[in-house]
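Knowing the structure of chain A, use the given hints to seat chain B with the ligands on it.
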Amino acid sequence: MARATAFAFRKPSVLPGFGLTLGFAVAYLSLIVLVPLAGLVVKTASMGWPEFWSLATDPRTLAALRLSFGASAAAAAMNAVFGLLVAWVLVRYEFPGKRIIDAMVDLPFALPTAVAGIALTAIYAPNGWIGRYAAEAGVKIAYTPIGIFIALVFIGLPFIVRTVQPVLEDMDREVEEMAATLGANRLQTVVRIVLPTLAPALLTGFALAFARAVGEYGSVIFIAGNIPYVSEIAPLLIVIRLTEFNYAAATAIATVMLALSFVILLAINLLQAWSRRRLGHD
Amino acid sequence: MNALASIDSEGSVALGEPVDVTIENVVKAFDDTPALHGVSLDVKAGELVALLGPSGSGKTTLLRILAGLDAPTAGRVLFGGEDALGLAVQDRNIGFVFQHYALFRHMTVFDNIAFGLTVRPRAQRPSKADIRRRVLGLIDLVQLNGLDKRYPTQLSGGQRQRVALARALAIEPRVLLLDEPFGALDAQVRKDLRRWLREIHDRTGHTTFFVTHDQEEALELADRVVVMSKGRIEQVGSADDIYDSPASPFVFGFIGESSLLPVTVADGAAVLDGVPTGLSAPGAAAGPATLGFRPHDVVLVEDDGPALRGRIIAERRHGARRRLELEVGREHHRAEIDVEVGAPRPEGGRIAFRPERWRIFPPR
Ligand SMILES: Nc1ncnc2c1ncn2[C@@H]1O[C@H](COP(=O)(O)OP(=O)(O)O)[C@@H](O)[C@H]1O
Ligand SMILES: [Mg+2]
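From first to last, the protein sequence lines are chains A and B.
Under the numbering used here, the very last position in the first sequence is 283; numbers go up by exactly one each time.
Under the numbering used here, the very last position in the second sequence is 367; numbers go up by exactly one each time.
The following block holds chain A by itself, in its conformation from the complex:
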């Protein structure tokens, strides 16, 4: 009995198939995700702590990691705001061309990332459509962290829109009307009623956009200019180390990225579980 309760999973259901599906899910995850990651960790472990530490704290590596995670977080935050706005407009308003805009949201998913990178570079380069005016104003976009940020915003947008949209569609209009009859103005209703309801979906979208941005390569390297210490992202640095046959350094950077990503995603997940519980999903 004690064993059974000690190992009880959360609410084992009376519906059959729990054991089977859980077993399958674990086996599948192990094969697809855990085994390659374990390989990475084993490789790192074989190099010994002092060597790993000196590789991981190499200034160029640190600069690249800071840029990758910083730009990704900034881009995901930007998308959380404007992706929410896009989802809101798509769900709440009727206007001509709505279907087309709706379809356009998915384009960053579908486009080969290299194509996106080249297109963005063409636009934001100092002689490009937009880059020209930015250059006149004294702002350099392409070949700087700003360019990286723009590329990451571009590829992350669909994650926010597509996670928030269904929740917004399901939202009961009567709840907002209720707030109005109780005297709440529009701003109070949005801040105190709508946003808390959307919070779990927003966090999911943020986590997805962030994770995608951290690992993004194709669309960034063209616009980034890849200047060491300035606009060189961590995934690119890994590739550079690999082409130098410096496998140890490549592995060390990868391991740090893995650990950081895991911690951040876990934190977002916990935050999300907490906000979901408040909405009574559990």
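Calculated from the structure, these hints are not laboratory results.
Be careful, since some hints might not be right.
[Said to hold, decoys possible] Short, incomplete list of chain B residues facing chain A, as computed with Cβ under 8 Å:
| # | residue |
| --- | --- |
| 1 | A70 |
| 2 | L72 |
| 3 | V92 |
| 4 | I97 |
| 5 | F99 |
| 6 | F101 |
| 7 | H103 |
| 8 | R108 |
| 9 | F118 |
| 10 | G119 |
Just so you know, these numbers come straight off a predicted model, no measurement behind them.
Don't be surprised by glycine CBs; every beta carbon is placed ideally from N, CA and C.
What follows is chain B with the ligands alone, placed relative to chain A:
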């Protein structure tokens, strides 16, 4: 029991002054399809009226217009003699309760009830301690003591609806609008809440509109019943008026069980498909009319004089008696009558009967 008295003695629940509500010729059209065709109604301060009608008769539409959630196409609404349509929803000071509660799921019971007070502009917002006293008083009034820290998903349907009512009462509304508040609950809970709502109304005295499609609920609860059909008011009156003197075949048919037959009035009596029925039609104009009677108001008669005649097409047990489904007259109109369980089954299923009470309605 005297929860409100105790709140009053603390002086913290000052009720919004109940007001007269006047509805004048309110018309509402959705994309050209009219949902309300000129509705007029006067409701006295503190009165509890039930809006009763089948689904789609425009009850919700009328409530939403009163609340300011929709604007009428034409007509006027006055609260206490003053134009209400010019006021935004936020400023109308009405308490609304939706059928599906519309509780704020991410807030506790306490925060749900406090919401209307906490969103007030700073100058009108009661102090934190005042809000707390008031909310706990309301929680006591709706008998949810001890549940103030629960989230809505941790409550039963009946409890949720009580939270919704407390939340609406918290803003000291001038008018209370309840849209099928018990519609999603099971029969026993409905009955309890009905009695409880009547008690609360007697104590708090809000001008209250109560929407329902359940006639029993309307007749039992309300001071006056407003029967609606297809965007029109069919009749306004007490439960007795509505039941004993229905103003139209619709009301007669909607309240209680009934059979309706198309007849002609000639020489002060009703004629069905050219055959005299022997039923007088005092005061009715000659010409087409509708005869209405209740299945339990019928006696069987010998088949030799004026009567209604029909053929039994189905029968079933109905309480203490047996209900017969008939095809009546030459044109096979449907009607239902009740007979004693032991009554002999007539030859060939043919039967002659006479309502002991009946009504003749003029054509619309
Ligand atoms: N937002 C709307 N758009 C179009 N038609 C509506 C809308 N709301 C209600 N209606 C129509 O108005 C009529 C009355 O509806 P409603 O007031 O909801 O009736 P009830 O509450 O009595 O069931 C119905 O025919 C309904 O289809
Ligand atoms: Mg309705």
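Structure-based check of each hint:
{"no.": "1", "hint": "A70", "in the structure": "holds (6 Å)"}
{"no.": "2", "hint": "L72", "in the structure": "holds (5 Å)"}
{"no.": "3", "hint": "V92", "in the structure": "holds (4 Å)"}
{"no.": "4", "hint": "I97", "in the structure": "holds (6 Å)"}
{"no.": "5", "hint": "F99", "in the structure": "holds (4 Å)"}
{"no.": "6", "hint": "F101", "in the structure": "holds (5 Å)"}
{"no.": "7", "hint": "H103", "in the structure": "holds (7 Å)"}
{"no.": "8", "hint": "R108", "in the structure": "holds (5 Å)"}
{"no.": "9", "hint": "F118", "in the structure": "holds (6 Å)"}
{"no.": "10", "hint": "G119", "in the structure": "holds (4 Å)"}
Of the numbered hints listed earlier, not one is contradicted by the structure.
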